[in-house]
Every structure is written in C-alpha cells, then in structure tokens.
Amino acid sequence: MNLGPHAAFIVMSYAAAIAIVAGLVAWVMLDRRRLARELGELDAQGITRRSERTGQEKP
Amino acid sequence: MPLIDLANPSRFLALADRVLPWLTAATVLAFAFGISQAYVAPDDYQQGATVKIMFIHVPAAWLGMLAWGVMSLAALGTLVWRHPLADVAAKAAAPIGAAFTLMCLVTGSLWGRPMWGTYWVWDARLTSVLVLFLMYLGVIALWRTVEDPARAARVAAVLTLVGAINIPIIKFSVDWWNTLHQPASVLRLGGSAIHPTILAPLLVMIAAFTLLFLTLHLAAMRNEIMRRRVRTMLMLQADARA
Numbered sequence: 001m002n003l004g005p006h007a008a009f010i011v012m013s014y015a016a017a018i019a020i021v022a023g024l025v026a027w028v029m030l031d032r033r034r035l036a037r038e039l040g041e042l043d044a045q046g047i048t049r050r051s052e053r054t055g056q057e058k059p
Numbered sequence: 060m061p062l063i064d065l066a067n068p069s070r071f072l073a074l075a076d077r078v079l080p081w082l083t084a085a086t087v088l089a090f091a092f093g094i095s096q097a098y099v100a101p102d103d104y105q106q107g108a109t110v111k112i113m114f115i116h117v118p119a120a121w122l123g124m125l126a127w128g129v130m131s132l133a134a135l136g137t138l139v140w141r142h143p144l145a146d147v148a149a150k151a152a153a154p155i156g157a158a159f160t161l162m163c164l165v166t167g168s169l170w171g172r173p174m175w176g177t178y179w180v181w182d183a184r185l186t187s188v189l190v191l192f193l194m195y196l197g198v199i200a201l202w203r204t205v206e207d208p209a210r211a212a213r214v215a216a217v218l219t220l221v222g223a224i225n226i227p228i229i230k231f232s233v234d235w236w237n238t239l240h241q242p243a244s245v246l247r248l249g250g251s252a253i254h255p256t257i258l259a260p261l262l263v264m265i266a267a268f269t270l271l272f273l274t275l276h277l278a279a280m281r282n283e284i285m286r287r288r289v290r291t292m293l294m295l296q297a298d299a300r301a
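One line per chain: the protein sequences are A and B, in this order. Just so you know, my numbering puts 6 at position 6 of the first sequence, and the rest follows in order with no gaps. Every number in my numbering is 59 more than the matching position in the second sequence, counting from 1.
Simulated from the structure, these hints should not be mistaken for laboratory data. By construction, the Cβ of each residue, glycine as well, lies at the ideal position given by its N, Cα and C atoms. Don't take every hint at face value.
[Stated by the list, open to error] Computed footprint of chain B on chain A; a stretch qualifies when at least three of its residues, placed anywhere within it, have a C-beta under 8 Å from a C-beta of chain B:
| id | region |
| --- | --- |
| 1 | 15-26 |
| 2 | 34-47 |
[Said to hold, decoys possible] Partial chain A-side listing against chain B, Cβ under 7 Å, derived:
| id | residue |
| --- | --- |
| 3 | L3 |
| 4 | G4 |
| 5 | H6 |
| 6 | F9 |
| 7 | I10 |
| 8 | M12 |
| 9 | D31 |
[To be verified] Quick list of the computed label-pair ranges, beta carbon to beta carbon:
| id | chain 1 | residue 1 | chain 2 | residue 2 | range |
| --- | --- | --- | --- | --- | --- |
| 10 | A | M1 | B | N67 | 49 to 55 Å |
| 11 | A | L3 | B | A91 | 18 to 24 Å |
| 12 | B | Y98 | A | T48 | 50 to 56 Å |
| 13 | A | G46 | B | A91 | 42 to 48 Å |
| 14 | A | A15 | B | A66 | 36 to 42 Å |
| 15 | B | S244 | A | A44 | 53 to 59 Å |
| 16 | B | V180 | A | M1 | 27 to 33 Å |
| 17 | A | A36 | B | I94 | 29 to 35 Å |
| 18 | A | R32 | B | R203 | 17 to 23 Å |
Go ahead and model the full structure; you've got the sequences and the hints to work with.
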C-alpha cells in the first residue's frame with residue numbers, strides 16, 4: 001500500500017491508537033488480576049462480607 | 060431476568076461474566092472487518108492517504124463524547140436514585156473516556172500537521188476537546204482524592220453534569236465559530252458529505268470502537284465492584300482487629 005508523502009503521520013496515528021487501546025486493555029486485565037488476588041487472600045483469612053454471612057445462615 | 064435485578068451488584072457481576080466473552084469476540088470481529096475495509100478504502104481526492112487517519116480519529120472523538128454522556132446519565136442515577144451501580148458506571152467510564160479523548164487529540168494533531176501545516180491551533184473545536192480531556196482528568200483526580208466512594212460519587216456527579224454543557228459546544232463549535240477544523244461531515248442536516256466508499260468503512264470502525272467501549276466499560280465496572288468488595292472486607296478486618 002502506498003501511503004503517499006505523509007505516510008509517517010498515518011503510521012504514527014495508528015501506532016498511537018494501538019498503544020492507547022493496548023494500555024486500556026492492560027489496565028483492565030492487570031487491575032482484575034490484582035483485585036482477584038486480594039479478594040482471594042481476604043477470603044483465605046476468613047473475612048466475609050455481611051451479605052455473604054447472611055447468605056450462609058439462610059437455609 | 061427483570062431489568063431491575065441488574066441493579067444488584069452480584070447479579071450484575073454474573074451477567075458481566077456471561078456477556079464479556081461474546082462482547083470481546085464481537086469487538087475483535089468488528090475491528091477485523093473495519094480495518095480491512097479501511098485498508099482498501101480509496102484515498103481522498105484532496106487529502107490523499109491521510110484520510111485513513113479519519114478511521115480512528117472520528118471514532119475516538121465519538122467515544123470521548125459518548126463516555127461523558129454515559130457518565131452524565133450515571134450522575135443522574137447517583138444524585139436522583141443514589142444507586143451504587145450508577146457510581147460504579149461513572150467511575151469506570153472516566154479513564155476510558157479520557158483515553159479516547161487523548162487518542163482524538165493525538166490523531167487530530169498528526170492529521171493537522173500535513174493538512175493544515177500545524178499540529179495545533181486554538182480554535183473552538185480543538186480547544187473544547189482539550190477542555191473535555193482536562194475535565195476527565197479532573198473527575199479522575201476527584202475519585203482518587205475523596206476516600207469515601209459514596210461521597211466521591213456525589214461530588215463527581217455534580218462536576219460531570221456541569222461539564223456536560225461542553226458536549227454540545229464540541230459538536231456545534233464548528234457551526235458557531237470560524238474554525239480551522241472542518242464542519243460536520245458525518246452527522247449533519249442534508250446527509251453525510253463523505254463519499255460512500257469512505258463513509259462505509261468509517262461507520263464500521265465507529266461500530267467497532269463502540270463495541271470496544273462497551274467491552275472495556277463492562278470489564279472496568281466489574282473491577283470497580285471487586286475493588287469495593289476488597290475495601291469493605293479490609294474495613295471489616297480492621298474492625299475485627301480493633
């Protein structure tokens with residue numbers, strides 16, 4: 001594909017867009033991994049929220 | 060499932076877990092199709108191949124404004140119904156909206172240099188989009204500054220609704236003032252000014268970006284609910300130790 005005399009601007013635009021989207025995806029995935037680990041650690045320590053405790057007491 | 064059931068965070072999480080894989084697949088497919096269409100789209104008779112920047116610049120601008128619209132609706136949910144899921148939706152949308160507004164500014168600058176001869180000019184369209192980006196940063200800073208999520212949500216909701224006035228200013232800035240930025244060419248009275256061979260890939264890319272926003276927003280909302288659970292459990296742990 002011939003991008004003409006302004007190819008560098010087109011390539012830089014798409015590179016910037018890819019970098020921003022990749023950053024967003026990484027932020028969401030890494031955040032989820034960290035939060036799941038923290039929740040797992042708290043669960044392992046026997047910490048439960050009131051709603052969960054209420055749920056366990058119900059028949 | 061009745062719609063009101065989704066207001067329960069646990070049910071929302073279960074729904075998000077079911078929907079996200081399908082939404083992700085739809086996003087990937089839409090981008091694959093959109094990029095292939097953009098690749099074969101003809102050059103513009105005036106702008107040449109730089110018109111390909113439009114396929115990411117316009118969807119990014121659309122999402123920058125859409126995210127603020129979502130935050131504004133959520134702000135109403137926070138202030139009127141005081142619903143925690145509305146707080147979650149607003150908080151999760153802010154970084155995503157900021158990122159797409161930044162993408163709009165960067166790609167616009169890179170498009171402006173070869174077409175206008177400058178990366179930046181303080182005209183109404185460019186300045187109002189920069190103001191939108193700064194408002195996103197302000198809202199994100201607010202969420203990070205106020206420790207109590209419910210209080211942060213109310214303050215951020217007020218700022219969001221005040222900032223919503225900027226959205227029509229962005230849209231109509233090119234009509235109200237003399238700007239270097241071109242007038243509206245996709246959504247305008249009398250139909251689109253863009254040739255169908257370029258308009259069709261653009262619309263596909265707008266759909267793909269919108270799906271990407273929905274996917275990221277749903278995933279970020281799921282994370283925010285988990286973050287609040289962690290916070291609650293840490294507070295319970297601290298209470299138990301006290």
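Evaluation of the provided hints:
A count of 7 residues in the region 15-26 of chain A with a Cβ less than 8 Å from any Cβ of chain B is obtained; the coverage claim is therefore met, three being the minimum. Counting residues of the region 34-47 of chain A whose C-beta lies closer than 8 Å to any C-beta of chain B gives 7; at least three are required, and the coverage claim holds. Taking 7 Å as the C-beta cut-off, the interface hint given for L3(A) holds, the closest approach to chain B being about 5 Å. Checking G4(A) against chain B by beta carbon gives a least distance of about 4 Å; that is within 7 Å, so the hint holds.
For H6(A), the interface hint holds, since its Cβ comes within 7 Å of a Cβ in chain B; the closest pair sits about 4 Å apart. Hint status for F9(A) relative to chain B: holds, with the closest Cβ pair at about 5 Å, below 7 Å. Among the interface hints, the one on I10(A) holds; its C-beta lies about 5 Å from the nearest C-beta in chain B, closer than the 7 Å criterion. Look at M12(A): its Cβ gets to within about 5 Å of chain B, closer than 7 Å, so that hint holds up.
Annotation: D31(A) was flagged as interfacial toward chain B, and the flag holds, the nearest CB pair being 5 Å apart, inside 7 Å. In this structure the hint that M1(A) and N67(B) lie 49 to 55 Å apart at CB holds, the actual value being about 50 Å. For L3(A) and A91(B), the hinted distance range of 18 to 24 Å is satisfied, since their beta carbons lie about 21 Å from each other. The hinted range of 50 to 56 Å is satisfied by Y98(B) and T48(A), whose Cβ atoms lie roughly 53 Å apart.
For G46(A) and A91(B), the hinted distance range of 42 to 48 Å is satisfied, since their beta carbons lie about 47 Å from each other. Distance hint check: the CB atoms of A15(A) and A66(B) are about 41 Å apart, consistent with the given range 36 to 42 Å. In this structure the hint that S244(B) and A44(A) lie 53 to 59 Å apart at CB holds, the actual value being about 57 Å. Take V180(B) and M1(A): their Cβ atoms lie about 30 Å apart, and the range 27 to 33 Å holds.
Hint check: A36(A) to I94(B), Cβ distance near 32 Å, so the stated range 29 to 35 Å holds. At about 19 Å, the CB distance of R32(A) to R203(B) agrees with the hint of 17 to 23 Å.
Checked against the numbered hints listed earlier, the structure breaks none of them; every hint is satisfied.
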